[in-house]
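Starting from the given sequences, assemble the full structure and let the hints guide the process.
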Amino acid sequence: MPLLEAVDVHGGYGGMNILNGVNMTIEADEIGVIVGPNGAGKSTMLKAVFGLLTITQGEIRLRGEAITNLSPHKLVEMGMGFVPQEKNIFPSLSVEENLEMGAFLKPATASRLKAQIYEFFPPLLEKRRQPAGELSGGQRQMVAMGRALMNEPSLLLLDEPTAGLSPRYMNEIFDRVKTINAAGVGVLMVEQNAKQALRIAHKGFVLAAGQNRFSDTGEALLNDPQVAKSFLGG
Amino acid sequence: MTASSSQRPAPQQPAPQGATPPEAPAPRTLPVRELALFGGLALVVLAVFATMGPAYSTRMLVEASCYAILALGLTIQWGYAGQFNAGIMGFVALGGFSATFFSIPVNPAFWASDLPGRLGWVLLAMVVVTAIVFGISRLDRIGLPKLLRTILAIAAGLIGYLVVISWLRSVTGDIESQVEFIGGLGLPVWLGWIVGGVLAGGVGYVIGHICLGLRSDYLVIATLGIAEIIKAFLKNSDWLTRGTATISPLPWPVPDPGEVGFLTARALYLSVTVVMIAVIFFLLHRAYHAPWGRMIRAIRDNEVSAAAMGKSINRRRQEIFVFGCILMGVGGAVLTSFNGLFDPQGYLPLNHTFLVLVMVILGGPGNNLGTLFGAVLVYVIWIMSGPLALALMHAVTALGDSWFDWQPGNLDSRALQARVFVIGLLILLVLRFAPRGLIPEKVAHHD
Amino acid sequence: MNELIYFFNYVVVAGSVTGCIYAIGAVGVTLIYSILRFAHFAHADMMTLGTLAVLLLTLAFPHAGDPLGLPTAIVMLPVAMALTSLVAVGIDRAFYQPLRSHGVKPIVMVIASLGVTLMLQGLIRLFAGTGSQNLYVDARKEIFRIDVPGVTRPIILTEPQIILFVITIVAVVGLHLFLTRARLGKAMRAMSDNPDLARASGINTRLIITLTWIIAGSLATIAGTLLSLDVAFKPDLSFFLLLPIFAAAIVGGVGHPYGAIAGGFLVGFAETLAVFNWSVLLRPVRDSLPTWLELPNNLALVGTEYKIVVPFFILVAVLIWRPTGIFKGKVI
Ligand SMILES: Nc1ncnc2c1ncn2[C@@H]1O[C@H](COP(=O)(O)OP(=O)(O)OP(=O)(O)O)[C@@H](O)[C@H]1O
Ligand SMILES: [Mg+2]
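Residue numbers (the UniProt record's numbering), protein chains in the order written: chain R, 1 to 234; chain Z, 1 to 447; chain Y, 1 to 332.
No lab work stands behind these hints: they were computed from the structure. Don't take every hint at face value.
Simulated restraints on C-beta separations [said to hold, decoys possible]: (1) Y:Arg140 with Z:Gln318: 30 to 38 Å; (2) Z:Ser271 with Y:Phe240: 54 to 62 Å; (3) Y:Arg140 with Z:Leu139: 51 to 59 Å; (4) R:Gly64 with Y:Leu207: 27 to 35 Å; (5) Z:Ser170 with Y:Phe240: 49 to 57 Å; (6) Y:Thr304 with R:Ser136: 39 to 47 Å; (7) Z:Asn314 with Y:Pro98: 54 to 62 Å.
Taking lysine to aspartate or glutamate and the EDC-like style, the derived pairs with C-alpha atoms no more than 16 Å apart in a straight line are [stated by the list, open to error]: (8) R:Lys74 with Y:Asp196; (9) Y:Lys105 with Z:Asp343; (10) Z:Lys235 with Z:Asp343; (11) R:Lys87 with Y:Asp196; (12) Z:Lys235 with Y:Glu305.
Glycine included, each C-beta is placed from N, C-alpha and C at the ideal position.
Here is the structure:
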């Protein structure tokens, strides 16, 4: 049974439809990557999965169970984690408190997981008492991902985790995503750095104007001349 | 981005989910709703005429029309521009003072003494001190360190203020003990009405200048504060207003009841206020449909895209706020003149701020006709609810007495408090169930 | 020296008392703001309501405090806090919550809170009248005189003032510990920082909102009761408390609890200093002044009847020069 299934999803903001029939399937141990031009509806699709906007048609299933239009709160309980594209940390809370908020529903496991996160993202350890708003962009991204991981999700939604990062940090983040996935967490990720992202992806989805243009394995998409020409910059 | 969607302005009723857009009001040849509502209102007023007699009812209509002017002032601030003014009472009191000061007779004892001269000197001293402080605050231009300049300016301001205020205290004390108060100017009352509007507009200008660029809550706090300050000033300046001793009678611009009888005099007064409303109505109607009005609404409905229009936004907001305050000043002046009594303590947030608020949100913020309807309807209910509340209080006390031995005194004041409660509840119910009022603003469709 | 003691009694003590009350009030306003994003104008009447609850309980059990050696009002305070919190949560559910779920603009919430103000005012005065009443039912305020060697005039502190200082310190420290140590306290700060992300983290925002009203209702009860213990219960203070409290919250930076405390003391001291008659301090030097310089007897900056001008002036000054407040509030 696939971890996440989206079938013909339609939806948008306040009556205006942005998604016009998106389909995607991810297995439990896979990384799925959504790429596409700006404004294609990539973030909107991620929000739709996370219950942040009303889906007017179609269905979303988590491990076979319908989750269409469930509240984010419920989805977090069901093991979904979401890292938004912007405003993905609590700036005035310390790094440590940011992580604790991620484990809000499971306070008992917080200290064990915190230690794991510090191991996973070593730069955060020495900054743990500092307000997260004072960190560098890459470190903030680590805090954001760390916060989502604190809930021990089985499906992690990442919206452009490498946006605005230097190549060094970018590679580090992609590395981390692979490690997270290797530990058995399904990942659905939106990425602008399409080539690199597709390289680590099991599944790739090319979205344009709110619809799937291409869906295949990451490798197949990378090698598809048509995809390369119109979406990967040649 | 749920945060941004929850802050998106206008339609306060959420659009129905799905693809159907909110149904557009079909172009109608006959405004059925308006006709029905106004017809009903006319019936209510007629019923009051029949039961309470024409003299009483005409008085009620005059007062309602004064409130309509206040409500029109608020509807352009709140309805057109989304600025909420919680200090209408202050502007009303200012207008009332101006009407009083201009229209009541001159106090010869004051002008015959040396007091006007002394008062003049104090005013001159105020100007001089302000000029000196202003000058010192500019001293950094000739090389004085900024910190030193600031300290000097504050020290000079403080000393100057203390000197002037102690002179003022002594002069005003002498005025009170020798001639009671400075009296009026003995000029035609309409001059006081105009100046009342100007004064209120001036205060509105200053407040707007400070607050309109900031969050809308700040305007609420500031107007609430300035209203209490204006009232405190008028109440405690016995030399100027006789304070709690009150001033009466106040002249009317039309023959007063002593000359032509209550009914005729009040009917004449009513004709004056009706003409004023008609003029205001006409001007507002023109302004609303002019580019100026469109821009105001664009600013209200979508600050982001209006910001593209540049700096003039704050100018427009300022204009509309000042204009609303002017109407409140004039309305307050007309109302006070009609009451024939200037009593600073009689200006209450409930009667002069929140009642007007109810009129506007119930009638239809941004819709002049709706506002007029709301003003008359709410005022009639308000006046009629007085005796009703008292009767109700009597009934409740009788019950309370027989059941728990509860014997509250002062039923009048308690009945008033019951009305306070009802007004508050009414505000909440309207916001919840009819957020656009009984006669909603007709929003032109812009794509 | 006598003059200094006089200054201490009438400025330092009085200013701290007012400061404590404004600070506790302003913290409530600021917390509501940071979670619900609107200026809650019914806060002053919530204070009155809490005090009324204390008064009624005290009237019902006038001697409950005797075994503890405390004023009965203080013993009744926790009960009244619970009651007021309940009312606050109820008001939110009945009036604010529906508007919130309609997604109205913050200014509409402000108007709604004005409606709630009127309702509370009406109810309170309907039952309690408008006259002032003493919270010391059947008891006497104790007054402590502390003699300073070499001076005839003693330092004067009253029992309610001492209680006020103690309770303020307890409340502030308690709130600080709650916000920085407790899981729900941190969640409250998180929600004030970024409500969407708080929701995405599984934080139950409804619970946080309820908690906010409980804290706000309790703090309002404390502030109102302490004020009334020091002077008397006055049901019609509403708009006169609102201005200093909001000025304090804005001076401290809206949404910033520690700023609100600082702002409260700033406004409290500014008020006290402004109505203080400075000529008292100049009395010793008066005789040695040249005759042409005659000092007036009244050297107060403003008369007590114009006290409300002081917070307004502070408010305006802050809005002009630093609208984010001294501690850089979140909002503008
Ligand atoms: N909160 C919102 N309310 C209304 N419309 C929105 C909102 N957020 C996004 N949109 C619109 O939805 C469309 C798709 O936006 P989305 O953020 O999903 O694009 P994206 O593919 O993530 O683009 P990018 O690569 O720039 O992040 C855009 O046209 C955008 O204007
Ligand atoms: Mg995006």
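Comparing the hints with the structure gives:
{"no.": "1", "hint": "Y:Arg140 with Z:Gln318: 30 to 38 Å", "result": "violated (56 Å)"}
{"no.": "2", "hint": "Z:Ser271 with Y:Phe240: 54 to 62 Å", "result": "violated (41 Å)"}
{"no.": "3", "hint": "Y:Arg140 with Z:Leu139: 51 to 59 Å", "result": "holds (57 Å)"}
{"no.": "4", "hint": "R:Gly64 with Y:Leu207: 27 to 35 Å", "result": "holds (31 Å)"}
{"no.": "5", "hint": "Z:Ser170 with Y:Phe240: 49 to 57 Å", "result": "violated (28 Å)"}
{"no.": "6", "hint": "Y:Thr304 with R:Ser136: 39 to 47 Å", "result": "violated (55 Å)"}
{"no.": "7", "hint": "Z:Asn314 with Y:Pro98: 54 to 62 Å", "result": "violated (34 Å)"}
{"no.": "8", "hint": "R:Lys74 with Y:Asp196", "result": "holds (14 Å)"}
{"no.": "9", "hint": "Y:Lys105 with Z:Asp343", "result": "violated (37 Å)"}
{"no.": "10", "hint": "Z:Lys235 with Z:Asp343", "result": "holds (8 Å)"}
{"no.": "11", "hint": "R:Lys87 with Y:Asp196", "result": "holds (9 Å)"}
{"no.": "12", "hint": "Z:Lys235 with Y:Glu305", "result": "holds (9 Å)"}
In the structure shown, a violation is registered for the earlier hints numbered 1, 2, 5, 6, 7 and 9, in ascending order.
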